[in-house]
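Novice: These are the residues of each chain, in order.
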Amino acid sequence: MLRFVLLGLLSRGRRHGYELRAAFEELFGGTWSVNPGQVYTTLQRLERDDLVVSEVVEQELLPDRKVFSLTEAGRAELKGWLVEPAADPVRLKDELFVKVLVQGLVRVPDRLTLLFAQREHSLRSLAALTRLRSSTSLPEATVLLLDGAILHLEADLRWLDLVEERIEGSA
Amino acid sequence: MTAPGALAPAAIEVRGLRKTYGRVDALRGVDLDVEPGEFVAVMGPSGCGKSTLLHLLGGLDRPTAGEVRLGGRRIDGLSESARAVLRRQEVGFVFQAYNLVPNLCVADNVDLPGLLTKRSRRAVARRRDELLEALGLVDRASALPGELSGGEQQRVGIARALVNAPPVLLADEPTGNLDSRSGGEVVELLRSVHGKGQTIVLVTHDHVVASAADRVVAMRDGRIVDEAPLGAPVALPATLQGMVRPGEAR
Chain A
1 MLRFVLLGLL SRGRRHGYEL RAAFEELFGG TWSVNPGQVY TTLQRLERDD
51 LVVSEVVEQE LLPDRKVFSL TEAGRAELKG WLVEPAADPV RLKDELFVKV
101 LVQGLVRVPD RLTLLFAQRE HSLRSLAALT RLRSSTSLPE ATVLLLDGAI
151 LHLEADLRWL DLVEERIEGS A
Chain B
172 MTAPGALAPA AIEVRGLRKT YGRVDALRGV DLDVEPGEFV AVMGPSGCGK
222 STLLHLLGGL DRPTAGEVRL GGRRIDGLSE SARAVLRRQE VGFVFQAYNL
272 VPNLCVADNV DLPGLLTKRS RRAVARRRDE LLEALGLVDR ASALPGELSG
322 GEQQRVGIAR ALVNAPPVLL ADEPTGNLDS RSGGEVVELL RSVHGKGQTI
372 VLVTHDHVVA SAADRVVAMR DGRIVDEAPL GAPVALPATL QGMVRPGEAR
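Residue numbers (the numbering used here), protein chains in the order written: chain A, 1 to 171; chain B, 172 to 421.
The shape of chain A in the complex, shown without the other chains:
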């Protein structure tokens, strides 16, 4: 997915690697951290696939640097991805789901205790996220990301309640 973010950033004009990484961090408000190596490798692949082109720009006193820009193929690739709905975000293989399932499988003696411990953990994560969400002056993208994460955690907690009901019902 990193490649599409980079294509998106380049759609606004040519940039060199360092600028791209800074713009990336800004867009995600720090919630998605990439190292320079990842950005560089991804740019190399994009260039290999003719989706971006680079040009070496000489600088006085400083080392030369590569400036990247989008090709027509890159623009088409980006557009194709943007208009395609994302795959259903079904998370059937999430560790939470799998763990709770296997807890039932191996018949741990105190399944409810484990469930309550899981709930406590999720509630604490929720507390941390809602507290962060209520702080002012967050970038708009971060607010959207936090809202999404909060809704997911809420769904997890409601699911844990359902599991508890099932366990109680079968006890």
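Worth flagging that the hints you see were computed from the coordinates, not collected in a lab.
Keep in mind that this is a model prediction, so the values were computed, not measured.
Backbone N, C-alpha and C define an ideal beta-carbon position, used for all residues, glycine too.
Incorrect hints may appear among the rest.
Said to hold, decoys possible - Listed next, with one range per pair, are the computed distances between beta-carbon atoms:
hint	chain 1	residue 1	chain 2	residue 2	range
1	A	L92	B	K367	44 to 52 Å
2	B	G366	A	L101	37 to 45 Å
3	B	V272	A	A87	48 to 56 Å
4	B	D202	A	V102	27 to 35 Å
5	B	E251	A	G169	36 to 44 Å
To be verified - Cβ-to-Cβ under 8 Å is the rule here; a few derived chain A residues that face chain B:
hint	residue
6	R14
7	R119
8	T130
Following the hints, position chain B against chain A.
Specialist: What follows is chain B alone, placed relative to chain A:
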């Protein structure tokens, strides 16, 4: 009563609390301690007894058996009239349906519990003005409840509950009628009131609302089945940590 020099009594102390309505056991033996300044959320499915518990804590009803102490004083055996005094002075209630008096303006609604005590009108008005200021309602003081949004009405409800500076604030699904945005504002208010030392017991079925508390108590079928302390929050994902300013580091 507490001996001099002893630790301050718990804000709320509940032992073996039972409540039966006809043949229905709403509470089947509840023990709960709430420390002064603590914010406790009670969660559970409808019918689990969480609202009954809240009503017994606030003297709205009498238990079938068991003990309730507020600030060290037993309240479970109080007469109806003594409980009426208790409700005016020792606890503040916030309800899901706001329960404001429709033909009184915001300021008068907030004043009402204050005027039912022996406090002077002036002292009540001063406290009311402070609260309206803190809750962002100053410019709504002369509006009627019907002219306010749901979120605003609930803020008035909170101001009214706090006008007598009760040691304990009890809230029963305070965000139940609100959309998530106004609900979020009400939770923020409760959080800030709690930040100033207010003891709060809140009943909710909303995990996001409950996560504002210091501790989440889970009730099932008239009993407490779990208590989750949220005091020491989990570390945020590493990438989020830099975004939390020092002082609110969580």
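Novice: Against this structure, judge whether each hint is valid.
Specialist: Hint-by-hint comparison with the structure:
1. For the hinted restraint 44 to 52 Å between L92/A and K367/B, the CB-CB distance of approximately 45 Å keeps it satisfied.
2. At roughly 40 Å, the beta-carbon separation of G366/B and L101/A lies within the given 37 to 45 Å, and the hint holds.
3. Between V272/B and A87/A, the C-beta spacing of about 54 Å keeps the proposed range 48 to 56 Å intact.
4. Between D202/B and V102/A the C-beta distance comes to about 34 Å, which sits within the given range of 27 to 35 Å.
5. As the Cβ distance of E251/B to G169/A is approximately 41 Å, the hint placing it in 36 to 44 Å holds.
6. A hinted interface residue such as R14/A counts as satisfied when its beta carbon comes closer than 8 Å to some beta carbon of chain B; here the least separation is about 27 Å, so the hint is violated.
7. Residue-level restraint check for R119/A holds (minimum Cβ-Cβ distance to chain B is 6 Å; threshold 8 Å).
8. With 8 Å as the threshold, the beta carbon of T130/A comes within range of chain B, its nearest partner Cβ sitting at about 6 Å, so the hint holds.
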